[in-house]
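Engineer: In case you want the letters, here they are:
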Amino acid sequence: MKFTNNSLTLEELPAIETATFHSHPSRYLGVMLMNLGILLVLTFFVWLTFLVFGSLQIAIPMIAVWFIGGGLAFVEVIKGFDVRGYALRTHDISYRKGFLWFKITTVPFNRIQHCEIVQGPVAKAFDLATLSVYTAGGAASDIRIGGLEPETAKQLREYITKVSGQYE
Amino acid sequence: MSSPDFTKPQRQDITGIAVYFVGNLWDLGRGIIYPLIVVLVQPAIWWLVIVAMVFGLIIAAIIAWLQYQRFYFYISGNEMVIHKGVIVNERTNIAFDRIQTVHLRQNFVHRLLGITGLMIDTAGAQEKAIEIKALKKHQALQLQAVLQASTPEDVVTAESESEADKEAEDRSEVLVSLSMAQLLKVAFTDNHLRNGGVVVAAIFGFLMQYQPFIEDYFRPFMEWMPAIMQTGLVTVSMGVAVFLLMAVLISLIINFHRFYDFQASLSRDQLQVKGGLFVRNEYSIPYHKIQFLEWRTNFIRKLMGMESVHIFQAQSYENEQSEITIPACFPAHTKRLKESLFGIGEEQAEDAETINPDAYYQWYLTYLPGLAGIVGAAILWWFWSPLYAVYAFFLYMVWVAIHARQYVKSVQLENRTGLMIYKRGWLFPKQTIFRPERLQAVALNQNILQRRRSIGHLVFGTAAGDRVFWFLPIDKARALYNDALYRVETFRGRWI
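From first to last, the protein sequence lines are chains G and U. Heads up: the first sequence begins at 1 in our numbering, then just goes up one per residue. Heads up: the second sequence begins at 1 in our numbering, then just goes up one per residue.
Since the hints were made in silico from the structure, they are not lab data. You can trust all of the hints, since none of them are fake.
Pair by pair, the computed Cβ-Cβ distance ranges are:
| hint | chain 1 | residue 1 | chain 2 | residue 2 | range |
| --- | --- | --- | --- | --- | --- |
| 1 | U | I374 | G | H91 | 43 to 51 Å |
| 2 | U | A378 | G | W101 | 24 to 32 Å |
| 3 | G | G120 | U | T92 | 25 to 33 Å |
| 4 | G | M34 | U | S237 | 55 to 63 Å |
| 5 | G | Q113 | U | S410 | 31 to 39 Å |
| 6 | U | I344 | G | V46 | 51 to 59 Å |
| 7 | U | A378 | G | T130 | 44 to 52 Å |
| 8 | G | V46 | U | I254 | 38 to 46 Å |
| 9 | U | R194 | G | S26 | 47 to 55 Å |
| 10 | U | I300 | G | K162 | 53 to 61 Å |
Covered by chain U, according to a simulated footprint, are these stretches of chain G (three or more residues, beta-carbon under 8 Å):
| hint | region |
| --- | --- |
| 11 | 13-26 |
| 12 | 94-102 |
| 13 | 108-122 |
Only part of the chain G face toward chain U is listed, based on derived beta-carbon distances under 10 Å:
| hint | residue |
| --- | --- |
| 14 | T90 |
| 15 | H91 |
| 16 | T105 |
| 17 | T135 |
| 18 | A136 |
| 19 | G137 |
| 20 | G138 |
| 21 | A140 |
| 22 | S141 |
| 23 | D142 |
| 24 | I143 |
| 25 | Y167 |
Positions of the beta carbon are idealized from the N, C-alpha and C atoms, including for glycine.
Just chain G, with the same shape it has in the complex (with noise of 0.2 Å):
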């Protein structure tokens, strides 16, 4: 077999950019609008309990600062759904999600320690499943996949496992 060893430059390189994302089902939407508007709720009564028992000066901040970081998290939620999704190619996985603050997260096959799958009684309750992927890293280096399908999720698991095992 004829050796040979080409120049590659940046540009020829796999571009993350034009990798193929899956996006959520559409019923992630109304878990994560759900899980939001619970919390206003929740804030909403601390600041009424300020309202009533403590000042206005703090009350009239802390209102402003509820609808502003309300009306900031709503808009995140509705316009980052379609950004989410996550991409699988040959040699590793990756996760966007954002619009406000927008992230995209790659982790190689080669690097991942081990995978699994979570479904907490909100997940289960709309038939949705969370894959977390763990490298040597920590927090920040780790890509959690929320609002999947069981099935989805057990696939993915599945094939990661048998692909990073490759490289033990």
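Chain G is already provided as a structure; the job is to place chain U on it using the hints.
Structural biologist: For chain U alone, coordinates are given in the frame of chain G:
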């Protein structure tokens, strides 16, 4: 001395009972500090304190004996197995390939008794490092060699501590050995404001917990405060001078504690670092476990040509020992270290690409502190004088503008084949060197405003923590992102 057979269950040295006893007394002391302060306020129940202390001593001794009896360890296949626990028996299995660092640790009790502790840390673990508290030094060195061995042939077979040490010495080259004069130089050129500030904050935080009990003692002083404040600049200057003196003293203590009798050596495949006054640590770090190195200095040390090198290894979430420091590195030491670990010299590589941050970074570093300056000026205006507020704000903003410009000018990312070198800082320069193939993950962050300006932050996740490259042009950030992934995914060597 014969080599112990680690495949059979081993107990610690019998003097470990004393180590456990002192440790239990320390934990007990921390637990009773609050009631002790209560008692100081009510001396009538002193007899109760004496009874409680005697009872505590007896309990601490019994628990120490039980801790010693219930602790044993052995090697089973490719795992280290540790059994321990007083009430509940715990068994911990540690696979060899999960072990990141194994180092020796001696506090004053260990040194009195002529023994050492062995600390084992695993990457990504949710718990603190595992400690074997009391071993004879030759036994600890042999166990350390076994746990760090990549193959059975690497295991040290020396039969005595002196022979193992001599062999290690013959093979290694001393990189840095701190004399007393150099230690004093390191201590006097440290960041005194930071050290003093941290200690003062810790003391205040501690005292605030007991405020109701101690405020009676401080009441007379608080009543003098308005009179003291009215003396104005003289008092403030004296207060600052006292704080600076205390800060220098604190720096001296911290540096002597960390770097007394310090030595760093390079051998064929590992870096050995040892030092410490009250607690002496000895590290042997295989080169392939080093995730990245970071050089740091300040403007005084820069004038002397001195830097400190921080070695980052894979860490567990709870471990604080993952960063090891070599102080007092001069250009010759830095050159040797770079050659040994990275195979690079001081000359610029021909294939290096240099990337600078976007100009928006300078604006960001100006307007954000500027907002804080406005708040500060408003406070000065309200409580002191409008004239002082304007002067202070003007001087502050001049400083912020100069700092922002100089800092952004200093930021540079050099992308070479097999290496990335990240430089930043002008008053406190830093240089981080790492191999992209050791990365765990790559991430790109952008907020909506940055997206419009086509800039973003690139995050490189390593097993020793993340490093962020701020405000990169987005095309450069994406190219680096893809390049780093390519290097990780095509790398077939050991990365941890």
